[in-house]
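S.K.: Those protein sequences? They're chains P and A, same order as listed. For the first sequence, this note's numbering begins at 1 and goes up steadily by one. For the second sequence, this note's numbering begins at 495 and goes up steadily by one.
Hints were generated in silico from the structure; no laboratory data involved. Hints are supplied without guarantee of correctness; some may be wrong.
Covered stretches of chain P (chain A as the covering partner; in silico rule of three or more C-beta atoms under 8 angstroms from a C-beta of chain A) [as the list claims (entries may be wrong)]:
no.	region
1	68-78
2	152-165
3	169-179
4	185-195
Small disclaimer: the values here were computed from a predicted structure and weren't measured. Using N, Cα and C, we set each Cβ at its ideal position, and we do this for glycine too.
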Amino acid sequence: MDQYLLMNTLRFPILSTTIFLPLVGAALFLFMKSARAVRVTALLTAMVTFLVSFMLYLNFDPGTHLFQFGEFRSWISSYKINYVLGIDGITLFLVLLTTLLAPLCILCSWTAITQRVKEFMFCILLMEAAMVGVFSALDFVLFYIFWEAMLIPMYLLIAIWGGPQKDYASIKFFIYTLFGSVFLLVAIIALYLANGSFSIPGAMFQNYSFPFQFWVFLGFAIAFAIKVPMFPFHTWLPAAHTEAPTAGSVYLASVLLKMGAYGFLRFCLPITPKASLYFAPYMVALSVIAIIYGGFVCLAQTDMKKLIAYSSVAHMGFVTLGIFSLVLIGLQGALLQMLNHGITTGALFLCVGIIYERTHSREIYDNAGLGKIAPIYMGFFGFFALSAFAFPGTNNFVGEIYVLIGMFSKSKVAGFFAIIGAVLAAAYMLRLLKQVAWGRDDRRAIQDMNTREVVYLLPLVLFVFWVGLFPRLYVLTAEKTLAHLLAQLHTVGH
Amino acid sequence: MLILPEITLLFFSVFFLLVAVSKAKATIVSTPVRGLSLLVLLASVLSITGSGVLFSGAYQMTLFSQIFKLLLAAGFCLVIFMLDISGEIEKGFYAEYFMFLSFSVLGLMMLSSAMELMTIVISLEISSYSLYVIVPLRKAQTKVQLEASVKYLFFGAVSTGIMLYGMSYLYGISHSTFLADIITALPKFTNKPMMVFALILTLTGFFFKLSLFPMHFWAPDIYEGASNATTAFIATVPKIAATAVLIRIAMLGVFGSPDFASVLMVLSALSMTFGNLVGLVQKDIKRLLAYSGIAHAGYLMMGVIALTKNGNASAIYYMAVYLFMNLGCFYAVMLLSKSGGNVMLNDLVGLSKRAPLLGFMLAVSAFSLAGIPPTGGFMGKFFLFTNALAQGYLTLVIIGTVNTVISIFYYLNIVRMSYTKEAVGSESLSLALSFPQKVVCLIYIAIILYLGVMPSSLMEIFRASITF
Chain P
1 MDQYLLMNTL
11 RFPILSTTIF
21 LPLVGAALFL
31 FMKSARAVRV
41 TALLTAMVTF
51 LVSFMLYLNF
61 DPGTHLFQFG
71 EFRSWISSYK
81 INYVLGIDGI
91 TLFLVLLTTL
101 LAPLCILCSW
111 TAITQRVKEF
121 MFCILLMEAA
131 MVGVFSALDF
141 VLFYIFWEAM
151 LIPMYLLIAI
161 WGGPQKDYAS
171 IKFFIYTLFG
181 SVFLLVAIIA
191 LYLANGSFSI
201 PGAMFQNYSF
211 PFQFWVFLGF
221 AIAFAIKVPM
231 FPFHTWLPAA
241 HTEAPTAGSV
251 YLASVLLKMG
261 AYGFLRFCLP
271 ITPKASLYFA
281 PYMVALSVIA
291 IIYGGFVCLA
301 QTDMKKLIAY
311 SSVAHMGFVT
321 LGIFSLVLIG
331 LQGALLQMLN
341 HGITTGALFL
351 CVGIIYERTH
361 SREIYDNAGL
371 GKIAPIYMGF
381 FGFFALSAFA
391 FPGTNNFVGE
401 IYVLIGMFSK
411 SKVAGFFAII
421 GAVLAAAYML
431 RLLKQVAWGR
441 DDRRAIQDMN
451 TREVVYLLPL
461 VLFVFWVGLF
471 PRLYVLTAEK
481 TLAHLLAQLH
491 TVGH
Chain A
495 MLILPEITLL
505 FFSVFFLLVA
515 VSKAKATIVS
525 TPVRGLSLLV
535 LLASVLSITG
545 SGVLFSGAYQ
555 MTLFSQIFKL
565 LLAAGFCLVI
575 FMLDISGEIE
585 KGFYAEYFMF
595 LSFSVLGLMM
605 LSSAMELMTI
615 VISLEISSYS
625 LYVIVPLRKA
635 QTKVQLEASV
645 KYLFFGAVST
655 GIMLYGMSYL
665 YGISHSTFLA
675 DIITALPKFT
685 NKPMMVFALI
695 LTLTGFFFKL
705 SLFPMHFWAP
715 DIYEGASNAT
725 TAFIATVPKI
735 AATAVLIRIA
745 MLGVFGSPDF
755 ASVLMVLSAL
765 SMTFGNLVGL
775 VQKDIKRLLA
785 YSGIAHAGYL
795 MMGVIALTKN
805 GNASAIYYMA
815 VYLFMNLGCF
825 YAVMLLSKSG
835 GNVMLNDLVG
845 LSKRAPLLGF
855 MLAVSAFSLA
865 GIPPTGGFMG
875 KFFLFTNALA
885 QGYLTLVIIG
895 TVNTVISIFY
905 YLNIVRMSYT
915 KEAVGSESLS
925 LALSFPQKVV
935 CLIYIAIILY
945 LGVMPSSLME
955 IFRASITF
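When you get a sec, could you build the whole thing from the sequences and use the hints?
M.R.: Next comes the structure, spelled out in structure tokens:
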């Protein structure tokens with residue numbers, strides 16, 4: 001049994017339920033014929049899953065850094081591979097974000113997806129299961145299986161229901177991500193040979209030699225940097241985000257990108273602390289480049305989805321910047337930014353999806369001048385755009401402030417350049433907003449948002465304000481975990 | 495009782511021999527064949543715990559050999575069930591076809607029990623000669639399958655010759671043809687070039703069966719030329735027995751001979767790299783699977799090279815997974831082929847709509863061949879990599895992982911064709927599967943996923959079977 005694990009005290013294995021409930025729902029599709037039945041079942045499954053995962057939040061104890069709701073079963077005993085699940089302050093909200101977005105993704109595809117509805121919903125639920133699995137797995141092999149299992153449904157989402165260049169985008173996504181993951185696998189096996197077990201917490205804060213840490217860090221970093229994506233590894237992202245159907249873009253932006261950052265927090269910092277300290281300046285530099293580069297590229301985009309995709313590169317730059325500032329406030333900011341980016345960028349992709357369903361174009365010009373034609377839509381879109389460039393009072397503002405304070409305490413130069421990036425964010429977002437609201441005068445027949453669409457955007461509006469005005473809850477939940485992580489990092493790392 | 499599977503197979507072949515010489519040919523053949531193949535499977539299951547020695551140690555029944563017999567029987571049974579005889583073979587040759595097929599499996603089963611060089615050679619030839627005969631048996635004869643059969647015979651004979659040459663060295667070293675004697679004599683020759691030379695040459699005959707680089711040349715042409723069912727058989731079943739002998743003989747090299755392991759390592763690396771790179775440009779699915787098979791032989795060697803109990807067990811596990819994922823792909827080829835012809839990648843277009851279950855089965859098999867979780871192919875590769883790395887073969891493991899990425903391109907192409915392309919015209923007609931065909935598809939899906947999620951119990955059995 002693991003000393004890092006507080007066993008689950010609820011009456012049922014809550015994490016397993018959260019993971020496998022979507023699969024059960026997906027299995028039910030086999031007995032269904034009509035698309036409507038499939039949609040309703042998928043929605044109900046996702047909502048029940050969210051309610052189950054909400055119990056995680058209600059029963060979570062923020063007073064400990066240990067993993068909670070632990071489950072432990074022997075799986076492949078000859079290789080000491082176990083089925084271990086557990087979440088801590090870092091993963092609680094990531095799991096909740098995933099389960100919250102699943103029903104929204106199903107709702108947003110309600111009328112947008114008319115072909116092969118069954119397979120589509122199957123992929124969506126499969127993705128949900130795998131994503132929750134990635135965040136809660138505490139065994140390397142289990143983690144890796146969930147990590148790779150996401151590739152197949154995500155590939156199919158892009159390749160079958162994607163845009164005009166879906167072929168290119170989906171293959172690039174698959175091969176790029178797989179390329180990163182195989183080195184992760186080698187690093188995992190190397191850690192197993194060093195530790196004699198595949199336990200993730202068991203591998204943390206061990207006294208490995210520096211060269212060993214150096215190579216393991218690189219093996220991890222290449223996988224996670226591709227997933228984040230950090231600056232030189234980002235080229236798969238615009239293609240995949242742009243061509244994916246709305247639900248796929250939301251999953252990609254809101255959850256999949258978080259996995260890279262999560263990987264840095266969960267694996268790189270605690271398992272290879274010396275190498276993390278060694279590589280931190282380089283990672284900070286890459287993050288700053290991503291922020292500024294992403295900002296400039298956004299300024300030149302004419303495609304709404306592409307613009308938001310590149311803005312993700314910049315936003316995720318803030319996350320990695322916070323992580324590799326290696327101070328508590330920076331880590332807290334990074335974690336907040338992970339959530340914020342999930343909420344805001346997810347919402348922006350949903351907004352683009354809404355207008356794409358009406359005009360069948362992602363070009364800014366085709367969707368310009370909506371201020372008078374679709375005022376409700378414009379309200380939502382404007383709101384999320386403001387949140388995306390960290391307008392005070394919204395969620396991103398809090399996150400960026402945390403990250404910047406953390407960064408300035410380490411390096412004024414890096415902080416200064418990050419600020420430039422933040423200004424760029426305002427520039428490209430306001431440019432987009434101006435065009436979409438007032439860019440054209442002609443009145444076209446474009447319908448405003450309907451109730452279903454308002455319903456699935458409202459929860460995200462709530463979170464933008466909640467995190468923006470009362471971030472204490474989110475910061476405190478993870479504080480113990482992050483503080484423990486940093487304390488250990490600095491004791492073992494030096 | 496000890497050799498129940500062999501006896502059942504012998505009965506099977508003699509039965510078809512009698513049918514072949516009788517007048518009543520084609521009509522009575524296809525009915526009993528499936529039942530009989532199930533009987534062979536049943537016999538192998540029943541004798542799984544059998545252990546004993548025959549012919550003063552030349553023929554041994556251990557858990558190791560019985561597991562391989564069971565795998566062989568399973569492969570044989572699946573091929574028989576997948577086979578649509580009327581589309582593949584000329585009507586007059588049904589009985590002969592089954593006779594030679596079962597003789598071949600008999601030889602392979604004997605191979606997995608053989609503990610003496612002569613027995614090994616005889617078993618190998620029993621299986622090879624049967625295959626040489628059935629390669630040209632294909633409906634609508636053209637020059638392609640004749641060319642294929644000549645090539646197969648030629649390459650087979652050459653590799654057997656090389657193998658015999660190597661065996662003569664082994665005999666020279668130990669003055670005995672029994673593996674048990676050889677293993678006691680070998681330590682005196684540790685690190686002598688002669689020992690490495692003898693072992694590698696002896697293994698060449700099995701590299702041929704496994705289509706490992708540099709004995710891979712036959713594979714693409716024979717796969718392309720032989721009928722779909724014959725190819726499915728050749729691509730899978732002989733490789734199982736070859737793995738058994740490979741593990742047996744490679745263990746002779748365990749006595750601290752780094753050169754021996756280095757040679758195998760280079761072959762493994764070349765095999766997977768060559769197979770995957772050439773696989774990228776293939777259009778004919780059978781040729782594609784041939785190159786994929788060359789690459790997989792390379793992966794498999796990782797487990798053999800580890801020269802440890804766990805390493806060999808993982809090689810067996812990989813072979814078990816390979817049996818199902820490879821036959822899964824071939825099943826799709828067989829069902830899609832029009833009157834026994836070859837299937838091109840383009841013929842897969844729209845498959846997921848024409849036959850959803852078949853498309854899904856093909857996707858699962860292809861992802862498994864590529865090694866993507868949660869399929870058995872991933873678990874197999876994972877065990878192989880872990881054991882190779884445990885023995886310090888970091889370079890080989892990295893080459894293997896990079897190869898995984900290269901190979902995903904053509905496996906993904908299979909999935910892409912069937913899932914994302916829309917068929918037009920007569921190609922878009924739905925392909926209705928009969929009930930037994932659906933069951934076979936479901937069996938493949940279930941087993942490949944089971945092997946990917948629950949490897950523990952099987953792995954334990956395989957580990958227990960490695961006792962030398």
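S.K.: Hint by hint, say whether it matches the structure.
M.R.: Each hint, compared with the structure:
1. With a threshold of 8 angstroms between beta carbons, the proposed coverage of the region 68-78 of chain P by chain A holds, since 4 of its residues qualify and at least three are required.
2. Check on the region 152-165 of chain P: 5 of its residues sit with their Cβ under 8 angstroms from a Cβ of chain A, so the three-residue criterion for coverage holds.
3. Requiring three or more residues with a Cβ within less than 8 angstroms of a Cβ of chain A, the coverage given for the region 169-179 of chain P holds, as 6 such residues are present.
4. With a cut-off of 8 angstroms between beta carbons, the region 185-195 of chain P has 6 residues touching chain A; three or more are needed, and the interface restraint holds.
Figure legend: structure checked against the earlier numbered hints; every hint is met.
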